[in-house]
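A.B. asks: Put together the whole structure using the sequences plus the hints.
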Amino acid sequence: MKKFSRREFLRISGIGTAAFSVPAAFAGIIPIDVHGRNVAIFNSKFRKGIHTICDLCPARCGVIGFLRYEDIVAIQGNPNHLNNQGKICARGIAGVNQVYDTDRILHPLKRIGKRGEHKWQPISWEQALAEMSRRLQQIKNSKNENQFVFQADPHRLRGLTKRFLQAFGKPTLLTGGSYQDFNRQSANQRMWGVDRGIADAANSQYFLIFGGNPFETHPDFVQFNQRLIQARLNKRAKLVTVDPRLSNTAGSSDEWLPIKPGTDAIVALAMANVIVQNQLFDEQFINRWTDVTVNQLKSYLAQFTVEKAAEQSLLDASKIERIALEFARKQPGVTLTGGGLTNHINGFENERAVMLLNIVVGNIDRRGGICLPRSFPIPDFAPLELSNSTMTDFEFFETVSKNQQRVDFYFAYKNNPVYEYPNCELTRAVFKNEQQMPYIVVMDTVMSETAALADLVLPAATFVESWDLDSSPSYEMRPFVALAQPVIQPQGEARALGDVCLQLAHRLGGAMRNRLNWEISEAYFHSVINRLDFVPDDEGLIKQGIWYDREADPVYESYKNGGFQTKSGRFELAGSSAEKRGLAAYRPIQEHIQLQKDELILLPYKVNVMRNDLANLKWLAEIHHTNAAIINTKTGRRLKIKTGDYVILESKIGKMILKAHLTEGIQPQVVAISEGLGHWEYGNVARSKRFKSEDPDTNFLWWEKQGNGTHPYFIIPVAIDKSGKGQGWNDTKVRLYKA
Amino acid sequence: MAKTRYAFVIDLRRCIGCNSCSVACKSENSVHLGVWMSWVKVIQKGEFPNVSRSFLPLLCNNCEDPICVTVCPVNANRIEENGIISTDPHRCVACRYCMAACPYEVRYVHPIKKFVEKCNWCLHRVKVGLLPACVEACPAEARIFGDMNDPKSDVSKLLAKHPVQVIKPEIGTEPHVFYINLDNDAIEKKRKVDVL
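Note that the protein sequences, when read in sequence, are chains P and U.
Count along the first sequence from 1, add 6, and you get the number used in my numbering.
Count along the second sequence from 1, add 15, and you get the number used in my numbering.
In short, the hints are calculated from the structure, not lab data.
Glycine included, every Cβ here is placed at the ideal spot set by N, Cα and C.
Any given hint could be a false lead.
[Stated by the list, open to error] Here are a few chain U residues that face chain P, going by a calculated C-beta distance under 10 Å:
1) Tyr21
2) Glu43
3) Ile82
4) Phe130
5) Ser168
[What the hints assert, rightly or not] Using C-beta positions, here's what the derived DEER-type ranges look like:
6) P:Lys744 x U:Thr85: 48 to 56 Å
7) P:Asn293 x U:Gln180: 50 to 58 Å
8) P:Ile659 x U:Arg111: 50 to 58 Å
C.D. replies: Dropping the structure here:
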């Protein structure tokens with residue numbers, strides 16, 4: 007890593023030497039014009055900062071880690087970064103907590119008791135690697151590569167990890183828990199060949215959000231919200247949210263439409279119908295760039311009247327019509343979809359139905375519309391092609407439990423399926439079963455629910471301790487490449503996944519060694535940076551953490567040269583006749599049509615400061631640490647339940663007990679519970695346990711008596727949308743009664 | 016040139032209640048669990064289906080006429096030349112007189128060192144030309160900080176353009192955190208409203 011010389015340091019800081027030689031307090035008042043710096047409180051000296059990328063969520067914001075001697079003391083946004091422009095969210099700042107977590111795993115641990123007994127013996131990396139490579143060699147020799155199961159979030163399956171997995175053969179890949187929007191991905195892939203569209207929020211006039219909550223959980227949280235707020239203020243853009251629950255987004259929208267869960271598709275189709283009937287469509291775009299004609303579309307949509315939509319969704323027919331017209335007239339506008347739309351057993355069709363709204367007004371890859379993601383193709387860092395097995399991710403452990411799938415070696419990297427997959431009880435049983443899962447390795451920073459049942463637990467490096475390269479979709483519509491580099495040395499014996507992959511490959515030898523022929527991951531990243539032909543200034547990339555062409559202008563409507571990345575080159579609304587998919591349809595969820603008096607639909611939701619894997623970060627846990635069954639006041643009155651009463655929620659696979667919380671901000675047929683809490687393993691903070699350690703804060707854990715909340719996934723069964731492979735997280739019908 | 020007087024403008028039309036400011040403050044000022052210099056209140060209003068939410072970030076107002084400074088028996092509070100009120104941990108005897116006097120409940124006793132602390136708009140950062148940590152972090156750019164006596168600063172421009180409100184103006188301390196679009200009902204409720 008290149009060190010700043012003192013001269014350079016001063017030059018970059020943009021502040022004269024006076025500020026350094028004289029204690030700043032006596033130097034008079036200095037105008038405030040410097041961003042992305044941090045200063046020591048007691049001697050007013052600027053701290054050394056190293057640019058890197060946050061990886062606590064898929065947004066990949068550019069951040070700077072600031073050092074006090076060898077320790078990282080603060081994380082701030084990187085003002086040079088094109089996407090987040092120097093701003094970061096609470097999670098990124100609290101990343102410091104993860105590094106110095108008192109519950110952090112710092113050595114490889116080998117299980118010596120029974121599974122889940124918490125009896126561990128610290129072993130050396132040498133021994134851990136020898137053990138793993140022996141097992142991997144056996145799998146390779148027997149040519150059963152698919153019995154090596156590797157689980158990680160998709161944005162972590164890059165670089166050396168990707169090389170390792172490709173060189174190994176065809177391992178089974180599981181890509182994460184509740185953050186994975188399989189339905190959205192497959193719907194978009196089949197329509198226009200990308201995982202998801204990027205809203206050009208800065209230039210939009212109208213935001214129509216279906217089941218999404220960008221103010222709390224957008225996959226590009228900071229970058230999207232920044233631009234959404236700018237558009238609202240400077241361009242008077244309107245924000246309309248269709249969501250059964252009053253989220254922070256819905257609550258601060260111009261309009262909130264409390265829809266019945268799972269009926270979004272018919273509302274979107276009825277809106278498209280209104281637009282088409284009123285001749286507000288973009289005829290040229292539809293006829294030239296999609297696989298249907300305007301007339302086909304018109305006659306197909308005619309069946310979806312606003313009255314029908316109103317009947318299904320329990321919304322106002324006139325409101326649906328008005329918003330459809332507004333959306334079409336106030337262009338450019340954009341629709342957004344979120345987990346509330348995607349995570350249904352009809353999520354695939356929901357996604358396609360909402361996309362139809364963008365299509366009829368022709369707002370595809372235009373200024374202010376929904377755009378193709380713009381990023382640089384870096385060979386090792388493009389998304390990994392997932393194997394085309396017929397089995398879906400969320401069904402995996404159910405298949406294992408029925409002995410239909412062998413797992414000889416299971417490896418999870420910062421993933422926690424025992425907690426994050428539906429039907430926790432079943433997943434937990436599978437992980438406890440040594441016949442079905444003979445060898446489990448978990449690499450994580452804390453003892454997660456999955457790690458607690460593992461045979462080998464490896465200490466993982468955090469994002470401020472490892473290398474990475476990233477070219478996420480740009481919100482300035484100009485691609486960039488950003489670099490993550492270690493700010494500090496890994497704590498204890500923690501290692502980056504890339505390094506572990508290298509060492510395993512070296513032990514396995516042969517072709518694997520040839521494909522991963524670097525000693526350490528740093529060498530690999532330097533060679534990758536050298537090979538980036540389009541980056542003229544490698545030094546700049548290292549120093550600023552990002553490179554992009556400052557002269558380039560955003561290019562819109564790029565599909566006009568070469569078409570979309572689909573078979574026909576057009577936007578495939580109906581798909582080829584062989585697939586028999588047809589235009590987006592509304593598939594009502596049968597279970598929800600008739601609801602008994604005490605039956606409600608369970609919606610797990612995410613809040614802005616909490617994710618399933620952040621519960622042990624003290625600053626975040628302090629803000630959100632307990633949850634309740636949130637129901638409408640009317641529902642409460644009907645069931646004779648008051649705020650604070652204990653209630654039982656019963657689904658077909660189990661029961662749970664928790665407190666009720668009555669509010670006006672929720673659809674009356676729904677009960678909502680926040681996610682990310684109710685950990686039974688994980689660290690002490692996640693379990694709301696006050697304890698003494700070298701960090702005095704762990705003894706100030708004031709919410710111990712409130713408990714750590716409940717985890718709704720215990721009563722959510724596996725329910726898969728066959729066309730999109732996504733899990734129906736929001737479809738569980740529960741009975742709710744007083745305990 | 017007029018004397019520098021720092022001020023905050025919080026544009027509530029922008030705030031999305033993400034709590035970046037609260038956490039950035041914890042990080043920058045090593046604030047322990049259980050106490051806050053800066054926090055966000057969530058307010059929900061209305062009846063189904065016409066319900067709305069708003070957010071109210073709170074921090075020390077660094078008043079022009081601060082009661083906390085007046086009441087302190089040991090002169091532990093000092094009004095800096097830029098208008099910020101700093102506390103001197105060496106003088107403070109933790110009698111909590113200032114805590115009782117402060118209408119904004121922004122003061123707390125440091126849980127270990129037992130002296131009174133409060134938000135000082137990151138004085139250590141401001142002194143060397145940096146923005147307060149919460150302003151630097153705010154993804155929504157809802158927090159604007161600067162010299163209100165300098166007509167070219169963002170704060171002055173906003174103050175000139177928009178009607179602003181302060182919390183509890185009737186007390187007469189001349190608070191210097193100005194809110195754009197402040198909802199009066201938001202102030203009335205207790206310190207922290209837990210919207211789950």
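A.B. asks: For each hint, tell me whether it holds in the structure or not.
C.D. replies: Hints, one by one, checked against the model:
1. Tyr21: This hint holds: Tyr21 of chain U lies near chain P, its Cβ roughly 9 Å from the closest one there, short of 10 Å.
2. Glu43: holds (6 Å)
3. Ile82: violated (26 Å)
4. Phe130: violated (15 Å)
5. Ser168: Since the shortest Cβ distance to chain P is 8 Å, the answer is holds.
6. P:Lys744 x U:Thr85: 48 to 56 Å: This hint holds: roughly 53 Å between Cβ atoms.
7. P:Asn293 x U:Gln180: 50 to 58 Å: The hint (50 to 58 Å, Cβ to Cβ) holds, given that Asn293 of chain P and Gln180 of chain U are roughly 53 Å apart.
8. P:Ile659 x U:Arg111: 50 to 58 Å: holds (53 Å)
In this structure, the earlier hints numbered 3 and 4 are contradicted, and the remaining ones agree with it.
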